[in-house]
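All chains, please: the whole structure from these sequences, using the hints.
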Amino acid sequence: MLRGRIVSPAEAERLGLLSALVPEGGDVVAAAVALAADLAALPGLGVAHAKRLVRTAMDGTLEQGLGAERTLFVDTLTDADTRAVIGRMAAESEGRIDDAALTAAAAAIDLAPQPAAPEGE
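Going by the working numbering, the first residue of the sequence shown is number -4, and it counts up by one from there.
Some hints here could point you the wrong way.
Label-pair restraints from in silico Cβ distances [claimed, not checked]:
1) Asp70 - Gly(-1): 33 to 41 Å
2) Arg65 - Asp22: 34 to 42 Å
3) Glu89 - Glu58: 32 to 40 Å
4) Ala85 - Gly20: 36 to 44 Å
5) Leu30 - Met53: 21 to 29 Å
6) Asp76 - Thr51: 20 to 28 Å
7) Gly20 - Thr56: 45 to 53 Å
8) Glu87 - Arg(-2): 34 to 42 Å
9) Val49 - Arg9: 22 to 30 Å
10) Glu58 - Pro4: 33 to 41 Å
11) Val24 - Asp70: 29 to 37 Å
12) Leu16 - Arg65: 30 to 38 Å
No lab work stands behind these hints: they were computed from the structure.
All residues carry an ideal CB built from backbone N, CA and C; glycine is no exception.
Now the structure itself:
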């Protein structure tokens, strides 16, 4: 877009500009329906937050965007559907996600402000 060039689908794929390429003569509708089914199976809260972040990315400063990302990410960790997906990913990770990483993620969920300790303690 910035270079003002039209690229072929094959070049767009090579450049990483698309997530799927249906071969010529392939069933585009079936590919679109399969992609839609994959997206529909994802936790709705996480998808909604990701879309919200993309839509608002240019509305504020980098610090504001990163803050919103952290807030919405932690919010997704409180969602039962998201936690189920994380559990499945951990089970299928063949040790690439260890207990320490899962413990850290679980700790991130409990970010409610703690009452301040009385002075002198």
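Taking the hints in turn, this is what the structure says about them:
no., hint, verdict
1, Asp70 - Gly(-1): 33 to 41 Å, "holds (39 Å)"
2, Arg65 - Asp22: 34 to 42 Å, "holds (41 Å)"
3, Glu89 - Glu58: 32 to 40 Å, "holds (37 Å)"
4, Ala85 - Gly20: 36 to 44 Å, "holds (40 Å)"
5, Leu30 - Met53: 21 to 29 Å, "holds (26 Å)"
6, Asp76 - Thr51: 20 to 28 Å, "holds (23 Å)"
7, Gly20 - Thr56: 45 to 53 Å, "holds (47 Å)"
8, Glu87 - Arg(-2): 34 to 42 Å, "holds (40 Å)"
9, Val49 - Arg9: 22 to 30 Å, "holds (24 Å)"
10, Glu58 - Pro4: 33 to 41 Å, "holds (38 Å)"
11, Val24 - Asp70: 29 to 37 Å, "holds (35 Å)"
12, Leu16 - Arg65: 30 to 38 Å, "holds (34 Å)"
Checked against the numbered hints given earlier, this structure breaks none of them.
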